[in-house]
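**Student:** Sequence:
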Amino acid sequence: DLVRNHMRPHFMLTDKGIRRFKAFDEYPRVIEMVRADIKARGGSYREFNHNLKMLDRADVPEEALEPLLNGNEIMKTTGLKPGPAVGVIREALLKAQIAGDVCSADDAKRFVKAYKESEKLH
Numbered sequence: 001d002l003v004r005n006h007m008r009p010h011f012m013l014t015d016k017g018i019r020r021f022k023a024f025d026e027y028p029r030v031i032e033m034v035r036a037d038i039k040a041r042g043g044s045y046r047e048f049n050h051n052l053k054m055l056d057r058a059d060v061p062e063e064a065l066e067p068l069l070n071g072n073e074i075m076k077t078t079g080l081k082p083g084p085a086v087g088v089i090r091e092a093l094l095k096a097q098i099a100g101d102v103c104s105a106d107d108a109k110r111f112v113k114a115y116k117e118s119e120k121l122h
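Residue numbering for the sequence shown follows this note's numbering, starting at 1 and increasing by one per position.
Hints may be right or wrong, so weigh each one.
The calculated lysine-lysine pairs, modelled on DSBU-like cross-linking and capped at a C-alpha distance of 35 angstroms, are [what the hints assert, rightly or not]: (1) K16 x K81; (2) K53 x K16; (3) K95 x K113; (4) K120 x K16; (5) K120 x K95; (6) K120 x K76; (7) K39 x K53; (8) K113 x K16; (9) K76 x K109; (10) K39 x K81; (11) K39 x K16; (12) K120 x K22; (13) K76 x K113; (14) K95 x K16.
FRET-style restraints, in silico, Cβ to Cβ [as the list claims (entries may be wrong)]: (15) S44 x N72: 47 to 53 angstroms; (16) H6 x G87: 29 to 35 angstroms; (17) K120 x P82: 16 to 22 angstroms; (18) A40 x A114: 27 to 33 angstroms; (19) A36 x K120: 37 to 43 angstroms; (20) R41 x R110: 40 to 46 angstroms; (21) P82 x H6: 37 to 43 angstroms; (22) K120 x A99: 18 to 24 angstroms.
For the record, the hints were derived by calculation from the structure and aren't laboratory data. All of these numbers come straight from a predicted model, not from anything done at the bench. Here a beta-carbon is modelled for each residue, glycine too, at the ideal position from N, C-alpha and C.
Build the full structure now, drawing on both the sequences and the hints.
**Tutor:** The following block contains the structure:
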């Protein structure tokens, strides 16, 4: 994943691009890899530093964000009973929202149903 995503910091020109990049668990390592690449090539940090500033401005603590569906709504939508699977789906939903893949309650319902099936959660 690191190699596949190493060019992403160069193309984060939109809020959605920034959210997608920050939703990637390994994004801090990708940043360090890009920094090392620029240094090895003797390149300019100008664009890289600009993109880092954009990342910093986009920092919203994840705990301040709420998924579009709460646990009860997830259980109602998926037919699950209370348990760890609901929390797993809730976290996945929040990451999908941050990445910009889920933008409405209807998107969220489709997402949690599909996620439950793809991850075989019971």
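**Student:** For each hint, tell me whether it holds in the structure or not.
**Tutor:** Each hint, compared with the structure:
Between K16 and K81 the CA atoms are separated by roughly 33 angstroms; this keeps the pair inside 35 angstroms, and the hint holds. Between the alpha carbons of K53 and K16 the distance comes to roughly 16 angstroms, so the proposed pair stays at or under 35 angstroms and holds. The suggested pairing of K95 with K113 holds, with an alpha-carbon distance near 15 angstroms, which does not exceed 35 angstroms. Restraint check for K120 and K16: the C-alpha separation of about 29 angstroms stays at or below 35 angstroms, so the hint holds.
For a cut-off of 35 angstroms, the pair hint linking K120 to K95 stands: about 19 angstroms separates their Cα positions. At roughly 17 angstroms between alpha-carbon atoms, K120 and K76 fall within 35 angstroms of each other, so this suggested pair holds. The hinted pair formed by K39 and K53 meets the criterion: a straight-line CA distance of about 19 angstroms does not exceed 35 angstroms. Taking the CA atoms of K113 and K16, the gap is near 23 angstroms; set against the 35 angstroms cutoff, the hint holds.
A hinted pair counts as satisfied when its Cα atoms are at most 35 angstroms apart, and K76 with K109 qualifies at roughly 10 angstroms. The hinted pair formed by K39 and K81 fails the criterion: a straight-line CA distance of about 52 angstroms is larger than 35 angstroms. Between the alpha carbons of K39 and K16 the distance comes to roughly 28 angstroms, so the proposed pair stays at or under 35 angstroms and holds. Restraint check: the Cα-Cα separation between K120 and K22 comes to about 26 angstroms, which is no more than 35 angstroms; the hinted pair holds.
Between the alpha carbons of K76 and K113 the distance comes to roughly 10 angstroms, so the proposed pair stays at or under 35 angstroms and holds. About 13 angstroms separates the Cα atoms of K95 and K16, which keeps this hinted pair within 35 angstroms; it holds. Distance hint for S44 and N72: a CB-CB separation of about 52 angstroms, consistent with the stated range 47 to 53 angstroms. With their beta carbons about 32 angstroms apart, H6 and G87 fall inside the hinted range of 29 to 35 angstroms.
A hinted range of 16 to 22 angstroms holds for the C-beta pair K120 and P82, which are about 18 angstroms apart. A C-beta distance of roughly 41 angstroms is found between A40 and A114, which places it outside the suggested range of 27 to 33 angstroms. The hinted range of 37 to 43 angstroms is satisfied by A36 and K120, whose Cβ atoms lie roughly 39 angstroms apart. Under the hint 40 to 46 angstroms, the C-beta atoms of R41 and R110, about 43 angstroms apart, fit the expected range.
Against the hinted window of 37 to 43 angstroms, the Cβ-Cβ separation of P82 and H6 comes to about 41 angstroms, which satisfies the hint. Here the CB-CB span from K120 to A99 is close to 22 angstroms, well matched to the stated 18 to 24 angstroms.
Violated hints for the displayed structure, listed by number in ascending order: 10, 18.
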